[in-house]
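Q: Residue-level listing of the chains:
Number of protein chains: 2
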Amino acid sequence: MSDQIGQWETRGKTQTLFRRFNFERYAQTRDFMDALSELAQADGVHPQNINFSSTYVNVTLDPTDSGQANHLLAQRIDALYKPTGH
Amino acid sequence: MSDQIGQWETRGKTQTLFRRFNFERYAQTRDFMDALSELAQADGVHPQNINFSSTYVNVTLDPTDSGQANHLLAQRIDALYKPTGH
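Same order as they appear, the protein sequences are chains C and R. Okay, so the first sequence: first residue is 961 according to our numbering, each after it adds one. Okay, so the second sequence: first residue is 961 according to our numbering, each after it adds one.
Okay, chain C solo, but in the shape it has when bound:
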């Protein structure tokens, strides 16, 4: 069973969030990965899992400590996504 929350999908019994980000070129993918890394470093939190190749990044987010889907982190990651610019 899966639900949509914005562009993110909840997966599994726990409130894991999943979203796929697509890019036209590796340079854009790399910029997004760099931004994700900076966010993780600044916050001391990082996604449960990141799976990426040259033109996509799949991100999975753990629930918050209270067991809710981590919408706040999802929105902050959405804000990093610039699929066509460079």
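All clues stand as given, with none of them false.
Computed Cβ-Cβ distance ranges for the label pairs, DEER-style:
| hint | chain 1 | residue 1 | chain 2 | residue 2 | range |
| --- | --- | --- | --- | --- | --- |
| 1 | R | Glu969 | C | Pro1043 | 32 to 38 Å |
| 2 | R | Asp994 | C | Arg1036 | 18 to 24 Å |
| 3 | C | Asp991 | R | Asp1038 | 22 to 28 Å |
| 4 | C | His1031 | R | Leu1040 | 32 to 38 Å |
| 5 | C | Lys973 | R | Gly972 | 30 to 36 Å |
| 6 | R | Lys973 | C | Arg971 | 28 to 34 Å |
| 7 | C | Asp1003 | R | Thr974 | 37 to 43 Å |
| 8 | R | Gly966 | C | Pro1043 | 35 to 41 Å |
| 9 | C | Glu969 | R | Thr1024 | 34 to 40 Å |
| 10 | C | Arg971 | R | Ala1039 | 35 to 41 Å |
| 11 | C | Asp1025 | R | Gln1008 | 33 to 39 Å |
Note that these hints are calculated values from the structure, not bench results. Note that the Cβ used here is the ideal one computed from N, Cα and C, for glycine as well.
Based on these hints, arrange chain R on the given structure of chain C.
A: This is chain R only, laid out in the frame that chain C set:
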């Protein structure tokens, strides 16, 4: 069917190489990811797929243009791996 080549495993009919790198802390994982990114940027090549979390990085390498397992890239990635240092 899978074979071992050093610490890497060939997977599938094509000569894809796969290796899991384990780390004690996220800071080490991040350093390894940064080094991988620099290697990709310098060479203009990047792994087919990278899947990582706080304490591991799974790397899959495409075969070379001639269809052979990419041992050279595997060895260069091995050289970046510092599981305990920082």
